[in-house]
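Student: Using the sequences provided together with the hints, build the complete structure.
Below are the chains, spelled out letter by letter.
Number of protein chains: 2
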Amino acid sequence: MSFADEARALDAADPLRSARDLFVLPEDVTYLDGNSLGALPRATAPRIADVVTGQWGTGLIRSWNDAHWIDLPQGVGAKIAPLIGARPNEVIACDSTSVNIYKLLCAALTLRPGRRVIVSEPGNFPTDIYMVQGLAALGLAEQRLARGNPIADFVDDDVAAVLLTHAHYKSGRLHDMAAVTAAVQARGALVIWDLSHSAGAVELDLDGVNADFAVGCGYKYLNGGPGAPAFLYVAARHQHAIANPLSGWMGHAAPFAFEDAYVPAPGITRMLSGTPPILGLAALECGVDTVAALGIPALAAKSRLLTDFFMRAIAGTCPSVECVSPAHPEPRGSQVSLRHPDAYAICRALIDRGVIGDFRDPDILRFGFTPAYVGFGDAWHAVELLAQVIEGRAYDRPEYRERAAVT
Amino acid sequence: MSFADEARALDAADPLRSARDLFVLPEDVTYLDGNSLGALPRATAPRIADVVTGQWGTGLIRSWNDAHWIDLPQGVGAKIAPLIGARPNEVIACDSTSVNIYKLLCAALTLRPGRRVIVSEPGNFPTDIYMVQGLAALGLAEQRLARGNPIADFVDDDVAAVLLTHAHYKSGRLHDMAAVTAAVQARGALVIWDLSHSAGAVELDLDGVNADFAVGCGYKYLNGGPGAPAFLYVAARHQHAIANPLSGWMGHAAPFAFEDAYVPAPGITRMLSGTPPILGLAALECGVDTVAALGIPALAAKSRLLTDFFMRAIAGTCPSVECVSPAHPEPRGSQVSLRHPDAYAICRALIDRGVIGDFRDPDILRFGFTPAYVGFGDAWHAVELLAQVIEGRAYDRPEYRERAAVT
Chain A
819 MSFADEARAL DAADPLRSAR DLFVLPEDVT YLDGNSLGAL PRATAPRIAD
869 VVTGQWGTGL IRSWNDAHWI DLPQGVGAKI APLIGARPNE VIACDSTSVN
919 IYKLLCAALT LRPGRRVIVS EPGNFPTDIY MVQGLAALGL AEQRLARGNP
969 IADFVDDDVA AVLLTHAHYK SGRLHDMAAV TAAVQARGAL VIWDLSHSAG
1019 AVELDLDGVN ADFAVGCGYK YLNGGPGAPA FLYVAARHQH AIANPLSGWM
1069 GHAAPFAFED AYVPAPGITR MLSGTPPILG LAALECGVDT VAALGIPALA
1119 AKSRLLTDFF MRAIAGTCPS VECVSPAHPE PRGSQVSLRH PDAYAICRAL
1169 IDRGVIGDFR DPDILRFGFT PAYVGFGDAW HAVELLAQVI EGRAYDRPEY
1219 RERAAVT
Chain B
819 MSFADEARAL DAADPLRSAR DLFVLPEDVT YLDGNSLGAL PRATAPRIAD
869 VVTGQWGTGL IRSWNDAHWI DLPQGVGAKI APLIGARPNE VIACDSTSVN
919 IYKLLCAALT LRPGRRVIVS EPGNFPTDIY MVQGLAALGL AEQRLARGNP
969 IADFVDDDVA AVLLTHAHYK SGRLHDMAAV TAAVQARGAL VIWDLSHSAG
1019 AVELDLDGVN ADFAVGCGYK YLNGGPGAPA FLYVAARHQH AIANPLSGWM
1069 GHAAPFAFED AYVPAPGITR MLSGTPPILG LAALECGVDT VAALGIPALA
1119 AKSRLLTDFF MRAIAGTCPS VECVSPAHPE PRGSQVSLRH PDAYAICRAL
1169 IDRGVIGDFR DPDILRFGFT PAYVGFGDAW HAVELLAQVI EGRAYDRPEY
1219 RERAAVT
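Protein chains in written order, with my numbering: chain A, 819 to 1225; chain B, 819 to 1225.
Hints in this document: simulated from the structure, not taken from any laboratory.
Any copy, or any two copies together, can satisfy a pair, since identical chains are not distinguished.
Listed below are the simulated SDA-like cross-link pairs for lysine to any residue, each with C-alpha atoms no more than 20 Å apart in a straight line:
#	residue 1	residue 2
1	Lys988	Ala1075
2	Lys988	Arg1221
3	Lys988	Asp1160
4	Lys988	Glu1077
Note that the structure is predicted; figures quoted are calculated from it, not measured.
Tutor: Rendered as structure tokens:
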């Protein structure tokens, strides 16, 4: 069977085929960058219009109570919880991934007095290790990058926590969350999982693996919109014992008592800092609702089929291109990354022709397969176009080599 | 002349009278809570609809470049700058006020090695002092609350910085920014000004008073919407010497090089942390544009007339109510606060009758006079209704005493 026929057959058999209608996608685009910015759910524009014109414009300040704005961080967190294997009171939506990492690094240091090293991987998503460096510059921590495997070998009695991204942003490779968590905890340290590249597309079972802490991004597979609020998970067993270094009024036990002394709210609410960003939270809620309605098991199953098909089609059609994502579906996230010396120019040439993937410095061409709205025909179209662009050297034009501000 | 006649005359002479048309306000509401949540500018709903449907839905990831999303924090900051007496490259829009205070507290401590005390006022807006307490809990600072005046008397060689809110959230009293800044600096410390209750309604001249640092809120007089991003000011002379403790990827000199080592961006950009919240920034930009078009001098002049008229009308009509805002216009922000033992119930009764002010624990009734959309007739209507509610004890109903989640 040709790849084209196989794509048609897989699309016909796809139980999520109609899920694409839950999103607004331009006709002339094949969107393989949902791992960078998820597509717009159909529910979002009317919801945001109502938040702006109805709740803000007409409800004004009253909407903090009447439209339950004040509960959105907890409410959206509770909706994210089942997508990542957590209980509703273990997750809250707030701030950015970076800021949430900082909170959890401090929390981990508090739980492990006498230990001050944070272990991470070289090549982890930059903001994760930059946050460790910020803490180190204050004299509060020391960074250790584990140049080798297994990561637990780098955990000694000085290590308070290990900070890892579950799905690597470049390769899509997944860490074995259960094994790493157990091994690190056996050495007395905690684990902070960054789920930015896995939440919403991959099965996650934070409570099941006895996770300590996690953060994740709202604007990738959760489709929360550009710069959406992030989320933060704290296992229930740790919540009473940790402090939020960014101890703003929304994390206070009684914010509207306006007292001079900070008293942390019970539970996950203490992890809030400033006033919740309502437009961003409302958009994130629409994205989360959309994903939740489809269900992670169905999404993850389709993701594996999609990436498997794409990798086989690439191998059969563009054999000169190296695939850097894991061949086995088990440790593979919902993306496939290819290596090519002209990756940047190729990425630009593809975008010019309606196939949107992205580039990661220096030579990675990255395709995200958001199972909710990417079909097998899309994957095959991208392979065909990639083969054509590479074989005909269509990418070899100066305008495709000029780097944009954001790549 | 009766207050009613005076209100009519003042409205007729108001050069900003038509500015109300720049906002969407419900017909049946007199909105005197713009100091808590600014009203919806008419420009915002269509802009947000375009950002959601056009830039996100159709432009997708390309909008980071094509719609200049990546430049919004600096761009919106540059538009806020002239409203607060700063140069465009001294202001950036990002995160919440709370989180930005934390960044600047750390920056101040870095600039004053050997000093670790942060001075603030008891009764300052809670989140400000809570952020100091968060830093103190990490062992990085010590809080000192100045129980007396002048504040500079509390600044000794241990003090790195003084953190003050320019317009007090309860009373509206303004600090003398020039005098306090000079006195604190003369003792070797820095000042962090929280402009949350003054930016957009009061003349500010940060560069003129040789300010060091400032933060402020986007959702009050800047009309950025619920939970809008905040802003942050760093005087140009300090920018090269400070570090951002929340050193996320957007503050890196080359975020898309994805390097393991954090290198701060030049200038104010290093104060960014995570990915910018685009919906919130776009809404904030609409609010800032609206304020900027009217001009701070005209807004501030009207604000003084409005609060003066309201205070005289209260004194003449409800003599039993104590006014806690300064009688002289010079140290008075754009709000008037009244004290009454039944303030909460009165506030609820007024809201029920279409006059929206707010309550601050335990006995403050607070009215914000956003000069862009509040008229003198509105002020008089509020006074008349207040007199009627108090005299007739219309507030004395159990349902007005039940505290809502947000007060």
